[in-house]
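Chains as they are written, first to last, in my numbering: chain E, 1 to 130; chain Z, 1001 to 1130.
Derived from the structure by calculation, the hints contain no laboratory data. Some hints could be false.
[Claimed, not checked] In silico DSS-like links for lysine-lysine, alpha-carbon gap of 30 Å or less: (1) Z:K1023 x E:K23; (2) E:K23 x Z:K1032; (3) E:K32 x Z:K1023.
Predicted model only: the values in this text are computed from it and were never measured.
Number of protein chains: 2
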Amino acid sequence: GFALGRHITIEYYDCASDVLLDKDRVESILLKAARESGATIINSSFHQFEPQGVSGVIIIAESHFTVHAWPEHDYAAVDIFTCADNIDLDTAIHSIEAQFSSRRVVISSDQNRGVLPSGVGGCMTNSDEK
Amino acid sequence: GFALGRHITIEYYDCASDVLLDKDRVESILLKAARESGATIINSSFHQFEPQGVSGVIIIAESHFTVHAWPEHDYAAVDIFTCADNIDLDTAIHSIEAQFSSRRVVISSDQNRGVLPSGVGGCMTNSDEK
Chain E
1 GFALGRHITI EYYDCASDVL LDKDRVESIL LKAARESGAT IINSSFHQFE PQGVSGVIII
61 AESHFTVHAW PEHDYAAVDI FTCADNIDLD TAIHSIEAQF SSRRVVISSD QNRGVLPSGV
121 GGCMTNSDEK
Chain Z
1001 GFALGRHITI EYYDCASDVL LDKDRVESIL LKAARESGAT IINSSFHQFE PQGVSGVIII
1061 AESHFTVHAW PEHDYAAVDI FTCADNIDLD TAIHSIEAQF SSRRVVISSD QNRGVLPSGV
1121 GGCMTNSDEK
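Starting from the given sequences, assemble the full structure and let the hints guide the process.
Rendered as structure tokens:
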């Protein structure tokens, strides 16, 4: 079959908790990874929780990046959903690994999304680029 | 082991394309589903693509809802990531199914995220609720 998207989920264990405590750092790390992967960033929304924790989402023209960080567990969950072949996932995964100083990275799933019997794919185009 | 979160991915095939074409409808459907599931909505961000397509994210206190809709394929990909036991996932899944008029729903994955050897869990608290 033909798939519209690819979705990978990544577990970052044993991260530097001081990084995960800081919403602005987590946001800039995710934005940097998205940029380095070749994604076209449309917008981002990050939220700081109390007493700690960060959730964030970047909508890209090619779908999304999300992160949920639990500094108290030195852990962050990252998802990357992409509908484009030209996104360099390895670059994004390793960029985040380095910036979070994660000592154990697990790609917990890598799946096709929107599996169609046949068809012609390709990403949606950003209306802002018309 | 102990898991910090639960992440399910849902494929909605054979949807009503007129619904998927409309960003505002897709956003209100996702917000309604999140509310009905018992989630605490923090913010939402939805984007209309041209010539068609919608991407959207809702950050909830308990993690996130995301959607990517391909009206030309009558298909939408939805993810729900939650760190709370009190979120009613079935209610959310069926609410979206009914509103999208999807005739084929596939729960393509249901996984634990952030599996720790032991520990005490619970969600992050929203700083706005302090």
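- Message: Of all the hints numbered above, which does this structure not satisfy? Sort the numbers upward.
- Response: Result: no hint breaks.
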